[in-house]
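> Chains L and U are the protein sequences, given in the same order.
Going by my numbering, the first residue of the first sequence is number 256, and it counts up by one from there.
Going by my numbering, the first residue of the second sequence is number 418, and it counts up by one from there.
Please keep in mind that the hints were generated in silico from the structure rather than gathered at the bench.
Hints should not be assumed to be uniformly reliable.
Said to hold, decoys possible - Derived lysine-lysine pairs resembling DSS-like cross-links, with alpha carbons at most 25 Å apart:
(1) U:K515 to U:K543
(2) L:K261 to U:K483
(3) L:K370 to U:K543
(4) L:K370 to L:K348
(5) U:K465 to L:K355
(6) U:K563 to L:K370
(7) U:K465 to U:K543
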Amino acid sequence: MIDLIKGTLIIAGSLFMLLASIGILRLPDLLTRMHATTKAAALGVMLIMVAAAMHFAETSIVARALAIVVFILMTAPVAAHVIGRAGYFVGSKLWSGTVKDELRPNYDPLTHELKSGMETQENAKRQPRDTDPD
Amino acid sequence: MTGAIWNLLLGLAWVMLSGDFSGLNLLVGLVFGYISLVLIEPQLASLKGYPARVPRIIGFVGFFLKELIQANLRVAFDVLTPPWHMRPGVIAMPLNAKTEMEITMVANLISLTPGTLSLDVSDDRKVLYIHAMFLDDEEGLRRNLKEMEHRALELFR
């Protein structure tokens, strides 16, 4: 019974890793590729580590497997965020099927200033004052 | 924080006194430590809120794992079938998180769930820009993200 669970976990984990690599090949642009690789690979490693912990069932190995899972969960999203952000601002093209982009109008490529879009609404509602410069 | 340290100390004391140095026994010790902390919570101000936080953390981990697997399967389906079902786009999410630490946690959690990737925070820290893979149901996605943020912030406050 436990062998069956361990086997299922390892196969599911490797399938998720395989999906991540197929995703890199198939997906159309940088950001969607980041989606496929980081998350599917993180889930794959998690499943394999759970299977390893169940197989050895010793305190030291369970602790190490847990530590690996925690480190993966801490580092994978940071790496994905940094690569995706750098790629976006360097100017990698979004896929032609992208339906909306609320960031582009708020970003100033000259000053690298990123507005929130909240202040424009406030500005729209604000009444003009005498002290305002023209 | 004091609650967590006391819980750990009580768990270790249980392991020492029972003389059985195994992971399972430590878990038993932690559970008994937690129960005793629940019982003395009304008498100690420094423990306030700790007992309520533990089930919340467990609930959050469950909720997060459910989201992780569900969304991973969706991305997997789209990668494997030839036509693209995805409608990617960048959306702006207003943040309830105030401090840098909270924003980091929320952004990381959003990056971890498949289908959403946090791109950047606006300079005034009010809006998080997120690249989402499935924008068919934008309202539903925003509601999901808000629920995730709300649950994550509950753990820290």
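> Confirm or reject each hint.
So, going through the hints one by one against the coordinates:
1. U:K515 to U:K543: 8 Å, holds
2. L:K261 to U:K483: 20 Å, holds
3. L:K370 to U:K543: Satisfied, since the Cα-Cα distance of roughly 9 Å is no more than 25 Å.
4. L:K370 to L:K348: This hinted pair holds, its Cα atoms lying about 21 Å apart.
5. U:K465 to L:K355: This hinted pair is violated, its Cα atoms lying about 46 Å apart.
6. U:K563 to L:K370: Holds. U:K563 to L:K370 sits at ~21 Å (cutoff 25 Å).
7. U:K465 to U:K543: 31 Å, violated
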